[in-house]
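Student: Chains as they are written, first to last, in our numbering: chain A, 1 to 251; chain B, 1 to 187.
In short, the hints are calculated from the structure, not lab data.
A quick note: this is a predicted structure, and the numbers were derived from the prediction, not measured.
Each residue gets a CB set at the ideal place from its N, CA and C atoms; glycine is no exception.
Do not take every clue at face value.
To be verified - Among the chain A residues that face chain B by a calculated CB cut under 7 Å, a handful are:
1) I11
2) F15
3) T16
4) H19
5) T28
6) M49
7) I65
8) F69
9) T73
10) R75
11) F90
12) F95
13) V117
14) N137
15) F139
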Amino acid sequence: MKIDPIHQFNIEPLFTIGHIGNQTIAFTNSSLYMFLSVAVISLLMIGGMAGRQLVPGRLQSIAEISYEFVASTIRSTAGAEGMKFFPLIFSLFMFICISNLIGIIPYTFTVSSHIIVTAALALLVFFTVLIYGLYKNGFKFFKIFVPSGVPIYILPLVMFIEILSFFLRPVSHSVRLFANMLAGHIALKVFAGFVAMLGVSLGAVGWIGGVLPLALTVALTALELLVAFLQAYVFAILTCIYLNDAIHPGH
Amino acid sequence: MAEKSPGTPAKGTGAHTEADGGHGGGFPPFESSTFASQLVSLAIAFVALYVIVSRFALPRVESVIDARQNAIEGDLAAAQKFKDESDAALKAYETELAAARSRAQAIGSETREKLNAAAEAERKTLEDQLTAKLAAAEKQIAATREAAMSNVRGIAADAAGAIVQRLTGVLPDSKTVSKAVDASLKG
């Protein structure tokens with residue numbers, strides 16, 4: 001019995017869709033979970049609201065709470081103008097949150113445990129901020145690199161740091177989510193693997209001793225539930241903060 | 001279980017080579033051969049999600065929340081309207097009551113005055129009548145007394161004449177007798 005905490009991140013092609021250049025585009029297990037997440041969100045948001053009840057039931061409550069939660073996050077960080085990006089931020093938050101929650105179920109795949117996915121989402125946000133900021137404010141957008149009230153002799157240094165941090169945003173934005181999901185699932189797998197490993201190698205004593213890592217696995221699963229939601233929230237709120245720069249440059 | 005197990009001590013038998021695992025001997029998130037597939041799937045899935053969310057899901061939730069908000073506001077407005085109406089009704093009732101009360105008071109005092117006046121008038125006529133009757137009676141008494149007094153004088157004169165005659169045997173002069181009687185009556 002060996003522990004292989006990496007195996008769960010394998011991309012397994014289920015069937016081939018087509019080719020771009022010499023790259024094979026396959027429908028993979030990752031694709032399956034992406035579409036599953038989209039389906040779950042659609043079911044929740046459209047199926048849950050089908051009743052259109054004045055006093056909401058359970059599903060409708062979840063749908064409405066998600067709506068209000070994201071809406072209030074945007075209003076408090078990016079102001080009323082940020083509501084233009086409500087569908088984008090809502091999609092990001094729900095996609096990450098639901099796919100993370102699905103990923104906690106054993107034997108499933110976590111979409112955001114792959115850097116390419118989180119990087120694509122972070123770059124989507126980055127370019128949205130950049131393009132919208134330039135479109136709306138023109139060259140005034142570059143004021144975000146020039147904080148007001150900074151003495152002239154350290155301004156070049158501050159500008160350098162601001163520009164660097166601006167272009168490093170997609171990196172931190174994506175790596176934060178990716179690393180959290182990756183590390184969490186590896187830890188879960190390692191501790192869960194200990195249970196079986198102890199049992200197989202030490203027999204009865206091992207199975208009894210396995211209670212400890214089992215308890216840890218349960219506790220870690222609870223923690224991962226929190227992390228799954230929290231990382232989606234962090235991703236969404238950072239998106240709001242970045243968009244706030246595009247809407248109101250010159251802080 | 002796949003064969004590759006980095007960082008874990010090998011237990012049992014079997015060689016662990018990079019090549020014979022299920023994942024091509026690398027760290028799956030960094031395998032660039034899978035990137036294109038994932039990006040295509042992600043693009044399709046995320047665009048689909050964005051369309052579903054922006055076209056169907058959010059407007060629907062918004063309309064439901066708005067409808068609820070409107071219903072609550074409508075109910076509150078209706079409640080306020082009813083409250084205003086009841087307040088107005090209460091005020092109208094109170095003014096009506098006050099008016100009725102003052103009217104009743106006015107009617108009461110008017111009636112009392114009228115009755116008082118009537119009673120007063122009646123009392124006056126009765127008093128007048130009584131005064132007149134009293135005056136007539138007094139007049140009659142005075143006349144009667146006068147008549148009686150004159151009778152008394154006649155009787156006294158006659159009696160005095162008779163007494164004098166009996167005593168003296170002489171019939172006195174009637175003038176002298178009446179003068180004496182008058183003096184005696186006065187005295």
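Student: Does each hint fit the structure? Answer for all of them.
Tutor: Cross-check of the supplied hints:
Given hint, I11/A at the interface with chain B, holds; its Cβ is 4 Å from that chain's nearest Cβ, closer than 7 Å. At a threshold of 7 Å, the smallest CB-CB gap from F15/A to chain B is about 11 Å, leaving the interface hint violated. Using the Cβ-Cβ criterion of 7 Å, the hint placing T16/A at the interface with chain B is not satisfied: the shortest such distance is roughly 9 Å. Taken as an interface hint, H19/A does not check out: its beta carbon lies about 9 Å from the nearest beta carbon of chain B, beyond 7 Å.
Interface restraint check for T28/A: the shortest CB-CB distance to chain B comes to about 5 Å, inside 7 Å, so the restraint holds. Because the closest C-beta pair between M49/A and chain B is about 5 Å apart, less than 7 Å, the hint holds. Nearest Cβ of chain B to the Cβ of I65/A: about 10 Å, over the 7 Å cut. The hint is violated. At a threshold of 7 Å, the smallest CB-CB gap from F69/A to chain B is about 12 Å, leaving the interface hint violated.
A cut of 7 Å between beta carbons decides the hint on T73/A: the least distance to chain B is about 14 Å, and the hint is violated. Violation of the interface hint for R75/A is found here, the shortest Cβ-Cβ separation to chain B being roughly 14 Å, above the 7 Å cut-off. With its C-beta approaching chain B no nearer than about 6 Å, F90/A sits inside the 7 Å limit, and its interface hint holds. At a threshold of 7 Å, the smallest CB-CB gap from F95/A to chain B is about 6 Å, leaving the interface hint in force.
Look at V117/A: its Cβ gets to within about 6 Å of chain B, closer than 7 Å, so that hint holds up. Restraint check, N137/A versus chain B: the minimum CB separation of about 24 Å is more than 7 Å; hint violated. Restraint check, F139/A versus chain B: the minimum CB separation of about 30 Å is more than 7 Å; hint violated.
When held up to the earlier numbered hints, the structure conflicts with 2, 3, 4, 7, 8, 9, 10, 14 and 15 and fits the remainder.
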